[in-house]
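Below are the chains, spelled out letter by letter.
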Amino acid sequence: MGLGVAELRQAAWYPVASSDDLPFRHVYHGQLLGQELAIWRADDGYVNIWENRCLHRGVRLSIGINDGAELKCQYHGWRYANRTAGCTYIPAHPADAPARRITNRTYPVKERFGLVWAALSADAPEMDVAEAGFALRPMPVNALPEMVLSALVARGEAVTQLPPLGAALVLAGAPGRATYFVQPVDSARAVIRGVLDAEPDVDTLMAFNAVLARLRDAVEAEARAIELPDPIVPRYEPVSVELATMPDRVIGRQATVRVMVRRRWQAALDVTGIELAPLSGHLPTFQPGAHIDLHLPNGLVRQYSITNGPGDLTGYTIAVKREAGSRGGSAAIAETLREGDVLAVSEPRNNFPLRRDAVRTTFIAGGIGLTPLLSMARALQRQGLAFDFHAFARSAEHLPLGPELEALGDRVSRHFGLGPPETAEAIRQVLGAHSFARHVYICGPGPMLELARGIASELGWPDEAVHYEYFKNTHEIDTSSSFTVELARSALSLTVPAGRSILEVMRENGIEAPSSCEQGACGTCLTRVLEGEIDHQDVYLNGTEKAAGNVMMTCVSRAKSARLVLDI
Amino acid sequence: MVTLYDFELSANCYSVRLMLSILGVHYETVSVDIYPGSDNRSEWFGKLNPEGTLPVLVDGGYIISDANPCLIHLAGKYDDTDRWHPIQDWMVYPLMLGWFDFARRLTASAGVARTGVAFGWNADLPALQAEAHRLLRRLDEHLWFGEKQGRDWLVAGEHPTIADIAVFPDVVLSEEGGVSRQDYPAVRRWLDRVRRIPGFVVMSGVFPAAPERSTVPLDLRRS
Chain P
12 MGLGVAELRQ AAWYPVASSD DLPFRHVYHG QLLGQELAIW RADDGYVNIW
62 ENRCLHRGVR LSIGINDGAE LKCQYHGWRY ANRTAGCTYI PAHPADAPAR
112 RITNRTYPVK ERFGLVWAAL SADAPEMDVA EAGFALRPMP VNALPEMVLS
162 ALVARGEAVT QLPPLGAALV LAGAPGRATY FVQPVDSARA VIRGVLDAEP
212 DVDTLMAFNA VLARLRDAVE AEARAIELPD PIVPRYEPVS VELATMPDRV
262 IGRQATVRVM VRRRWQAALD VTGIELAPLS GHLPTFQPGA HIDLHLPNGL
312 VRQYSITNGP GDLTGYTIAV KREAGSRGGS AAIAETLREG DVLAVSEPRN
362 NFPLRRDAVR TTFIAGGIGL TPLLSMARAL QRQGLAFDFH AFARSAEHLP
412 LGPELEALGD RVSRHFGLGP PETAEAIRQV LGAHSFARHV YICGPGPMLE
462 LARGIASELG WPDEAVHYEY FKNTHEIDTS SSFTVELARS ALSLTVPAGR
512 SILEVMRENG IEAPSSCEQG ACGTCLTRVL EGEIDHQDVY LNGTEKAAGN
562 VMMTCVSRAK SARLVLDI
Chain R
957 MVTLYDFELS ANCYSVRLML SILGVHYETV SVDIYPGSDN RSEWFGKLNP
1007 EGTLPVLVDG GYIISDANPC LIHLAGKYDD TDRWHPIQDW MVYPLMLGWF
1057 DFARRLTASA GVARTGVAFG WNADLPALQA EAHRLLRRLD EHLWFGEKQG
1107 RDWLVAGEHP TIADIAVFPD VVLSEEGGVS RQDYPAVRRW LDRVRRIPGF
1157 VVMSGVFPAA PERSTVPLDL RRS
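Protein sequence lines, in the order shown, are assigned to chains P and R.
Yeah, the first sequence ends on 579 if you go by the working numbering, and it's all consecutive.
Yeah, the second sequence ends on 1179 if you go by the working numbering, and it's all consecutive.
Here chain P stands alone, though its shape is the one from the complex (with noise of 0.2 Å):
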């Protein structure tokens, strides 16, 4: 009897839900052909159709709780994008940043005439219907899909069939003409999703209700009479290696990304916002924290935070410092970018990862330093997490992102024009003594971090609580040593002479090794080491990791000793 399973996958899209089954903050069961999929409405109005199942236990997601702009699996509390479905944060693992290309199965989603439509194959042909339309109700029926649309036209008049399943014609008793399509579950199972032009009133709700209703009673008498077909077995294709592993390597520096300025304005004095929408989609998914690199239109390569919230992949938003003695980053966004310029970005890559086992999170901004830590005090105010943010600024003119940073209310102090010893008492109010679980993030100017950092100490601090993240390493790099370096794993010897880097001479040789600001700030050359002294040149490692030596940056950091062996 008509299409087989696999003709039916290619076929085309399949109406999964009603519009209205989807308010926000629900996640809808849903099922096509055997496969059962969680379908959500974002926050912004996104529909989401995914797979039903956490990446991580299999567990259904349509269990989990829709925050808006993630989907949190009830099971152990990973949390997956709007979007892209990619995977932000795993609770097991609150210190790292490693979810960053898990990415759960997504299928194609529109949303027409009062319906959902999912597709299960990326083939499908675009769906040519109207955009008006009023959903009747769902009327689910254990029956094979084709009898069901067998029996739909058998007691219709005036039919136009809509293959593969749907058909519009006015059917016996019923108050008016509508478009009916099957919606094939399984292989006995489908749902009749009829469709009006325009929304009636409930007394011809009831009746087409009850009109289906006898339908279905009807059709179900006939299959219990019939030896049905077992069910679809559903398929899980496994997901890429790439997909469901912690990268092994950092985000290496390529350009991967276009994107287009969609929005440029004045975000402060001497800041300017900017808004990199996707050419089509949206953007890969980032966490907070994260950075991307910009490569700008003379060849330059710069890397600035993204300040979005959860869930928000529609555009980056990045925030950029005009800096009084710019080496031509800063200066080119603000002179020559202009709306509708295409540029190229690297991937998120996140070496700032935020915590959400606090029991309290301080947020300590500088200036444009804000912009990573709005990330995060977004999606902490997103999950009902405690936070203060204080932001430090010359002046309110001075300060970048002043409206964003309205919205998180009163859980921001702003802290205008104070000088080094105001400041510093500033931050000693604060952070206070350090209490169990208290988590601190700072990013601002060289200084101010120094100083926080070195408060944060004297009040008892410890290194693991206080998280920072320097715009540069402002520190003269000694390159006089020379040394030699082992790589352990690519079994090769190389001297380093004074006055080049560990990365450079690695690259010389043929190393592919990742890197961004290469000047020990930011963290992605992150390099583990298994046997030397280290000297450390970086402003990225706290003092503990620093002490412990087993991890070192390769763009700035050299040997104490004659010998280095890196896990490379």
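Be aware that one or more of the hints could be misleading.
Unchecked claim - Quick look at which bits of chain R chain P covers, simulated, 3 or more residues with Cβ under 8 Å:
| hint | stretch |
| --- | --- |
| 1 | 1028 to 1036 |
| 2 | 1134 to 1143 |
| 3 | 1157 to 1168 |
If you're looking for bench data, these hints aren't it; they were derived computationally from the structure.
Quick reminder that beta carbons are idealized off the backbone N, C-alpha and C, glycines included.
Starting from the structure of chain P, add chain R where the hints point.
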């Protein structure tokens, strides 16, 4: 002093725990091990409730057995607003009694299927599941048209009633008895609404709902 004779896994006991929590009534529990202990068949419990069924609520020496009478007692005594048990409203009250009857039939089908699966008790699972699906179809239809008419709960009114609390447990636990709710989207949305009632508590197999969009408190956990 309010004492609940309670079995943690019982759907009927859960409805009473829910109501106690929603109304903010302080109570203590005496655990009665139905499975595997069969404590409800013991002599001491027989003096409390000769039928041997749970829950039993003892409130100031007054003994009430079974879920629906317990709900009526709690709403009558502890809800000053009468919203949970609008006994004066002759348009609503008879419908509530109808839903109590519905809850009982759901317990006798979905509930028995669930304990059959969980405890290996003798049960005609296909017949019980078919009856549960028949009831859930009715419930879904009622709730779907309710949404179209601006009614969020089982009976008319802005506020939920003890009818919602009586019906909720066997619905929310139905999948443990092999009764999927996939075909009942309006039921699933109503489950979200019940789970957002202030004071709602979970039990094993019941998960909290996401906070509603409009009422996500910005200072949820700020001390």
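Subject >> Hint check, failures only >> reply: 1
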